[in-house]
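Residue numbers (this note's numbering), protein chains in the order written: chain A, 240 to 672; chain B, 240 to 672.
Derived by calculation from the structure, the hints in this document are not laboratory data. Only a predicted model underlies this, so the values are computations on that prediction, with no experimental measurement involved. Glycine included, each C-beta is placed from N, C-alpha and C at the ideal position. Check each hint, because a few of them may be wrong.
Interface residues of chain A toward chain B, partial, derived using beta-carbon atoms under 8 Å [what the hints assert, rightly or not]:
hint, residue
1, A317
2, G320
3, I393
Below are the SDA-like pairs computed for lysine to any residue, each with C-alpha atoms no more than 20 Å apart in a straight line [to be verified]:
hint, chain 1, residue 1, chain 2, residue 2
4, B, K295, B, P318
5, B, K569, B, R534
6, A, K471, B, K569
7, A, K450, B, F415
8, B, K329, A, R605
Computed beta-carbon distance windows for the label pairs [unchecked claim]:
hint, chain 1, residue 1, chain 2, residue 2, range
9, A, R528, B, F340, 56 to 66 Å
10, B, D580, A, E621, 40 to 50 Å
11, A, R528, B, P418, 41 to 51 Å
2 protein chains.
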Amino acid sequence: MRRLRTDEAPSHMGERVKLAGWMHNWRDMGKFGFLVLRDGAGTFQAVLDNAAEMEKLRGLQYESVLEVEGVVTPEPRAPGGAELHDCRVKPISPVLEPLPFEINKKEFKPGLAIFLDHAPLGLRHLHKRALFRISAEVMAGFREYLSQQGFVEIQSPKIVGSATESGANVFSIDYFGRPAYLAQSPQFYKQIMVGVFERVFEVGPVFRAEKHNTVRHTNEYVSLDLEMGFIKDHTDVMAMLTALLRHIFDRLKKSCARELELLEIKAPNVGESIPSMRLPDAQQLIFERYGEDCRGEPDLTPQHEAWLCEHAEQELGSELLFITHYPTSKRPFYTMPDDQDPSLTRGFDLLFRGCEVVTGGQRIHRYEQLLNNARQWGINPEDIAGYLQAFKYGMPPHGGFAIGLERLLMQLAGLGNLREATLFPRDLDRVAP
Amino acid sequence: MRRLRTDEAPSHMGERVKLAGWMHNWRDMGKFGFLVLRDGAGTFQAVLDNAAEMEKLRGLQYESVLEVEGVVTPEPRAPGGAELHDCRVKPISPVLEPLPFEINKKEFKPGLAIFLDHAPLGLRHLHKRALFRISAEVMAGFREYLSQQGFVEIQSPKIVGSATESGANVFSIDYFGRPAYLAQSPQFYKQIMVGVFERVFEVGPVFRAEKHNTVRHTNEYVSLDLEMGFIKDHTDVMAMLTALLRHIFDRLKKSCARELELLEIKAPNVGESIPSMRLPDAQQLIFERYGEDCRGEPDLTPQHEAWLCEHAEQELGSELLFITHYPTSKRPFYTMPDDQDPSLTRGFDLLFRGCEVVTGGQRIHRYEQLLNNARQWGINPEDIAGYLQAFKYGMPPHGGFAIGLERLLMQLAGLGNLREATLFPRDLDRVAP
Numbered sequence: 240m241r242r243l244r245t246d247e248a249p250s251h252m253g254e255r256v257k258l259a260g261w262m263h264n265w266r267d268m269g270k271f272g273f274l275v276l277r278d279g280a281g282t283f284q285a286v287l288d289n290a291a292e293m294e295k296l297r298g299l300q301y302e303s304v305l306e307v308e309g310v311v312t313p314e315p316r317a318p319g320g321a322e323l324h325d326c327r328v329k330p331i332s333p334v335l336e337p338l339p340f341e342i343n344k345k346e347f348k349p350g351l352a353i354f355l356d357h358a359p360l361g362l363r364h365l366h367k368r369a370l371f372r373i374s375a376e377v378m379a380g381f382r383e384y385l386s387q388q389g390f391v392e393i394q395s396p397k398i399v400g401s402a403t404e405s406g407a408n409v410f411s412i413d414y415f416g417r418p419a420y421l422a423q424s425p426q427f428y429k430q431i432m433v434g435v436f437e438r439v440f441e442v443g444p445v446f447r448a449e450k451h452n453t454v455r456h457t458n459e460y461v462s463l464d465l466e467m468g469f470i471k472d473h474t475d476v477m478a479m480l481t482a483l484l485r486h487i488f489d490r491l492k493k494s495c496a497r498e499l500e501l502l503e504i505k506a507p508n509v510g511e512s513i514p515s516m517r518l519p520d521a522q523q524l525i526f527e528r529y530g531e532d533c534r535g536e537p538d539l540t541p542q543h544e545a546w547l548c549e550h551a552e553q554e555l556g557s558e559l560l561f562i563t564h565y566p567t568s569k570r571p572f573y574t575m576p577d578d579q580d581p582s583l584t585r586g587f588d589l590l591f592r593g594c595e596v597v598t599g600g601q602r603i604h605r606y607e608q609l610l611n612n613a614r615q616w617g618i619n620p621e622d623i624a625g626y627l628q629a630f631k632y633g634m635p636p637h638g639g640f641a642i643g644l645e646r647l648l649m650q651l652a653g654l655g656n657l658r659e660a661t662l663f664p665r666d667l668d669r670v671a672p
Numbered sequence: 240m241r242r243l244r245t246d247e248a249p250s251h252m253g254e255r256v257k258l259a260g261w262m263h264n265w266r267d268m269g270k271f272g273f274l275v276l277r278d279g280a281g282t283f284q285a286v287l288d289n290a291a292e293m294e295k296l297r298g299l300q301y302e303s304v305l306e307v308e309g310v311v312t313p314e315p316r317a318p319g320g321a322e323l324h325d326c327r328v329k330p331i332s333p334v335l336e337p338l339p340f341e342i343n344k345k346e347f348k349p350g351l352a353i354f355l356d357h358a359p360l361g362l363r364h365l366h367k368r369a370l371f372r373i374s375a376e377v378m379a380g381f382r383e384y385l386s387q388q389g390f391v392e393i394q395s396p397k398i399v400g401s402a403t404e405s406g407a408n409v410f411s412i413d414y415f416g417r418p419a420y421l422a423q424s425p426q427f428y429k430q431i432m433v434g435v436f437e438r439v440f441e442v443g444p445v446f447r448a449e450k451h452n453t454v455r456h457t458n459e460y461v462s463l464d465l466e467m468g469f470i471k472d473h474t475d476v477m478a479m480l481t482a483l484l485r486h487i488f489d490r491l492k493k494s495c496a497r498e499l500e501l502l503e504i505k506a507p508n509v510g511e512s513i514p515s516m517r518l519p520d521a522q523q524l525i526f527e528r529y530g531e532d533c534r535g536e537p538d539l540t541p542q543h544e545a546w547l548c549e550h551a552e553q554e555l556g557s558e559l560l561f562i563t564h565y566p567t568s569k570r571p572f573y574t575m576p577d578d579q580d581p582s583l584t585r586g587f588d589l590l591f592r593g594c595e596v597v598t599g600g601q602r603i604h605r606y607e608q609l610l611n612n613a614r615q616w617g618i619n620p621e622d623i624a625g626y627l628q629a630f631k632y633g634m635p636p637h638g639g640f641a642i643g644l645e646r647l648l649m650q651l652a653g654l655g656n657l658r659e660a661t662l663f664p665r666d667l668d669r670v671a672p
């Protein structure tokens, strides 16, 4: 008999079918018992009333893998409107040791550290797995929209020969006795590939050897990267990001309706445009509205970001807010300075529900200007010769951005820690499992 | 005026339009000249017959970025049936230094080393970029089919705490003063995630610190990984791979028809099933047909793979061939041994046009068996505690495989070196650009 998925069973009413999955729940009432089987698709209830069959389950712990054959029978109170009767069970992989915590209750009780130590088990909780299904759909929506817009996917190397892309700290590798580094972003490669395809995207891991242990940083995360040529300025890139996020969230509302409901997540409605504010204006607003004088600071603190989002939500009716024109001195050497005020850049961040989730901007496209900037930033042009080569041989005005996948998910789901939005997080204390 | 892509221009016949791209070719005939502009979509010819406009191009080298305005005019001899007349040109990013090699001829002449040193330029060649468009479509086809089959995408960490997954050499990292390693595959994570989603896939980089410098190895490549639960045995996994490859190749024939034609690539027709041979039988065949006695060897050499593929093509009418039942001693500790002969495994390789492109098999799913095997392979269970945890808490029979993206592309396109199928290859000699 071919095994059915639990979500296929209700359409086989009256038939004898085979299901297989994990023992999600088992209530032994003596003469009969209720078994809830969980598989990749969902859960299904089986009623056991045969002593020999019930005996097979005695001593088995939750999460034992079972095959269950039975007759699909209408039961209005069961999810899906059906349950299995007249069941025969067959243990496939018995679990003999009690679980370290319950994963079949609505609420997930273990604290973060315990959960992370037991992620292979904890991720099976229906809420946890719903979250990572949403994560998969965010990636799918990202690729879907960009493919429609003529972007080509690239896979750039993660082992790189020089460590000079930006200010962030890099991990060093022993590369056959020579030093090499883990790429902190695909920045150089996606720019190079604008010279080939005009429009490119990449979904892949990035690595940051930063020692701060905060709720919104880890040392390895997934970056959704995009770079596009022949733009007017950074506002073209911001418009692309706006349309992309609208597509991703609208797609989620359809393809992940069940998961969003389970986790009580409301995906934002992205309108025609997202409000935008220049950094100096944002700092002036913080000063006036919240009384803290951060005018002239090169960047925003998490508290500033929270305030600005509060303002945007209350006054502008938006859960998303662009901040533009960060100072040239605080952005990487390849960032395009503003025409009017070259001490400011055509760079932007996107804030979402109180936290930065995207960084982007227009890049310098002329060789001489880029070379001069590299030198001014203290970078040896020889260390970035391959990157500079693209510019020597003609690059169009271009720009792009990077979305932190886990950041976006954290803000979307209202999680308190980036680690909850990461399958197997890497931080100062953790390189396993 | 909004810029059009070159492939949009022919539908604006008679209109004045703006194009922008790279100076792909420029033939200055004195009183007039032919400019070929290349953008992300293709190429378009512009006829210049105004001395002042032509003057703007003098001194500019190929690959200079230009804007060109002109009237779309029918010209049956031009690709797309149109060209631009009455043109005005505007240099955006002038290139002043001659290119190190020609990239606007049909043939691409530079040798591999020169090409790799100048990849940011060389990849712009129409043939080179066509190849990586095909690569992007292979990834898209992989994800598309698996999503349809209920697989969920995961992103597993590339920094790992232990180096004991298989026999391959790993790169070590300085992780905040402690040792860590670059993942040689997402194997453990995709298996763990079978416990969560049943069916998962991942597209991402893998790292191998192997010192052999061959035409079919690099030290970082893209792995298309899949793992699926509730299988009967390895043949379920082989059937999934067969259907997947059929989908990928059929999709390519539609979405990359132009690129396949340009590169004279014939994508194979994958039938209902792919012929399959047990390793001992394959070795017997080599002995009988080609006279080399490799019977009892634990693996095939590249020459053996070539012979077997020759046989499969001539006698079985297939460009693809499964080899199964590799010896247990040569496969990783988690490989499921065969019921009949436990010295052989339920593992397989897929050969394609003379070279292995996929490795897979059924895995051990019972905790005790896996633990025993780990010990027998000399692995300390504590080093793989997170992985073992998934099995302690119940895993179904499962299996999967990994397709080497660049390998598949190399064999599909008939390339002589894996580096030609890799955007920015990493090997013993090369970590840049």
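Let me know if the C-beta of G320/A comes in closer than 8 Å to any C-beta of chain B, holds or violated. Hint violated; G320/A Cβ to chain B Cβ min 22 Å, cut 8 Å.
If you draw a straight line from the CA of K471/A to the CA of K569/B, is it 20 Å or shorter? Measuring from Cα to Cα gives roughly 57 Å; hence the hint is violated.
Is the hint on I393/A kept, meaning its closest Cβ partner in chain B is under 8 Å away? At 6 Å from the nearest chain B Cβ, I393/A passes the 8 Å test, so the hint holds.
Can we keep the A317/A interface hint, with Cβ of chain B closer than 8 Å? violated, 21 Å
Checking one constraint from the list: CA of K450/A to CA of F415/B, max 20 Å. Satisfied? holds, 8 Å
Do R528/A and F340/B keep their Cβ atoms within the hinted range of 56 to 66 Å? This hint holds: roughly 59 Å between Cβ atoms.
Is it true that the CA of K329/B sits at most 20 Å from the CA of R605/A? Holds, because 15 Å separates the two Cα atoms, which is no more than 20 Å.
Holds or violated: K295/B to P318/B, with C-alpha atoms at most 20 Å apart: violated, 25 Å
Confirm or reject the claim that R528/A and P418/B have a C-beta distance inside 41 to 51 Å. holds, 49 Å
Verify the CB-CB distance for D580/B and E621/A against the hinted window 40 to 50 Å. violated, 58 Å
Hint consistency between K569/B and R534/B [alpha-carbon to alpha-carbon, up to 20 Å]: Holds, because 15 Å separates the two Cα atoms, which is no more than 20 Å.
When held up to the earlier numbered hints, the structure conflicts with 1, 2, 4, 6, 10 and fits the remainder.
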